Amino acid sequence: MRGPIVAAIVRKDARAFTRDRFFFFITILALVAYAVVYFFIPSNVDETVTVGVHQTGLDELIRGVAAASRGLAVAEYDSSADLEDAVTRGADGVVAGLDFPTDFAETVAAGERARVRLLLPAGVSEDDRLLLEGIVGEVAFAVAGVPPPVDPITDAVVLGTDRVGDQMSLQDQMRPMLLFFVLMVETFALASLVSIEIQERTVTAVLATPARIGDVLAAKGIFGTGLAFVEVLFLALVIGALAPNLPLMLVALLLGSILVTGFGMIAGSFGRDFMEVLFISFAFMIPLAIPAMAALFPGTAPLWVRLIPSFGLVDVIGGVTTDGESWREVSGALASLAAWSTAAFVAGSMILKRRVSTL
Amino acid sequence: MNLQRVGHIVVKDLRLGPRSPLLLFAVVMPLLITLLVAAVFGSLFDQQPRLGIVDLGDSGIPEAAAALDGIEVTTSTDPAALADRVERHDVDAGLVIPEGFDDAVRAGEEPDLEFLVSGRSLASTRAVLAVTTIDLVREVAGGEPPVEVVTTVIGAEDYVPLGDRLIPLTVFYAVVIAGMFLPASSLVEERQKRTMDAVLVTPARMPEILTAKAIVGISLATVMGLITLALNRAFGANPGAMVLFLVLGAVMVAEFGLVLGCWARDVNTLYTAIKGGGIFIFLPALFALFPGVPQWIARIAPTYYFLQPIYDLGARGASFGSLWDELAVCLAIVTLLVPAVAAMGRRAEHDLAIVT
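Chains as they are written, first to last, in our numbering: chain A, 1 to 359; chain B, 360 to 715.
Hints in this document: simulated from the structure, not taken from any laboratory. Accuracy of the hints is not assured; some may be wrong.
[To be verified] In silico lysine-lysine, DSBU-like type, Cα no more than 35 Å apart, as pairs:
hint : chain 1 : residue 1 : chain 2 : residue 2
1    : B       : 552       : A       : 12
2    : A       : 353       : B       : 552
3    : B       : 371       : B       : 552
4    : A       : 12        : A       : 353
If you're wondering where the values come from, they're calculated on a predicted model, not measured in any experiment.
Construct the entire structure; sequences and hints are all you get.
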């Protein structure tokens, strides 16, 4: 492998890429679209269920219930009509309404069953309904002087860092996905460039020069990795993904770029025309996107998701950007990413070499 | 136009079609998108609080909790493992019920109940689980709350669940991939590989080729649209009207596909055009997802006039009679596109320079 020859092939590929209107357009469009999408995604989390209440003589109790839980807020209304209107319009962020009758306290204190209207907008979640019914019950028990046998609100033991008030927003959760999607578009771009070279036999023309097959493979690897890395780096910079730990993020994104370059070389070697490249690239992209999708859901990803080559990349990006994890904490995921990247790159190079040698 | 020749070209395309990855793409992608959309959007925006329970005795709480709607309950036997799951946020909260808990509560005591909360769970989720836990314990104690809750649902007539709002999106992909991509890329590919020249050497003329490509695209788009609607259980109360709009939609996108296929000089140009103009035809599917934004904007897209009726019929229980306006506009677009297709076909035939 000789530097000047490899550099010349890389320059040729770069020119071919920028000349190809389709891929150049897609690349720019994707970067702009991802950045725009990112800034449109909600950057804060509303952890509070706001309940509209109309009541008489229950001020202290209602405020007590709201104060006991940080996840509950109360908006008071003077009449049933005002409450109904607020629930209908979703005013003041009200998700539902509790309409206590004026004689509620007297009725319950007399040992009779009072009737409370629960106003729910269509589509309200079942868990919100449970919460509201529970609150009505507790207010009634409190009026009747029957305290709860247990108090899970004040006795709760919080495990892990308490993130109330500092929850991971959808924007934070989407960050690994957006970065990964940029890399995925590159799988397709590189695959198509490789495929065109094979179909148009330009690679055989290159091999007629002093360049050897090792030079061609090295050039493809450098160009693919460089292209993916520059793009993902640009987006990472725009969306602030580099700030928590620059060196760690650079290593992770570089390994991710090597990973998609490997898959791009495989897809490009097998695809005989545009449609085949598109199809094979999608066959790789869809499973590789699963870990990025899984990152949107809470909890540990199942084992089969953890075995997907892109999981390490998504895990490192998520850990570093949202939890501020260190080198030591992400070492396992980083090692897995490095192993998959090496395997994909070696496999891609071997398949491409075999394909070129059959021309 | 000779219908027999059209038939021969259709048969040729159907025979050779399975060799093309695009056909597989047109069949697999809508199914995959339906599954992904249902799995990702369905569960992403409808996540329930998750409660893990370890019962060290024989409490009635796990069974009562499992019967509740709106909470996902899992039971296990190891308190340490539960604490670990809570810390990793595999569940939002964990409940460790000690032995003899139910008897103690019934005896009026205040026994210890370990309530573990994940630091990552939302404050509102914690409130739901805490209040529900109190309710469950009160149930064990046997105390009925001295209150009756009467539920009134507001605004049900205008509400469309998220799953139903996704119908235009899934139908869009099914119809557009098969109805537009297939004829367009098939035309471009045949011109690039010069097989079109070979066909035009025979008595077959361009209008017959275009009709044949349209028939294949429309048939596949209709079938994929029907499968997508069936998977989403979205035929509504008027399946006849649904099929009518689906077929009209398939015809419309196939006509767009033919125009594009005749215009684009190569596959890259075709896909650049689709990529650039895609957002325009995608608008109605996007706007259906967000009912709060002004819906009139979606009317500027031609696809609105078949996607909106499909949405109204499948998700909002609309009657066929209320969709005459959309039907009229849809028919007008389909009719107006016919001369456009013919003109583009003539242009493509001239470009091929094999005109007899």
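Tested hints:
| no. | hint | result |
| --- | --- | --- |
| 1 | B:552 - A:12 | 27 Å, holds |
| 2 | A:353 - B:552 | 27 Å, holds |
| 3 | B:371 - B:552 | 16 Å, holds |
| 4 | A:12 - A:353 | 19 Å, holds |
Hint compliance for this structure: no hint is broken.
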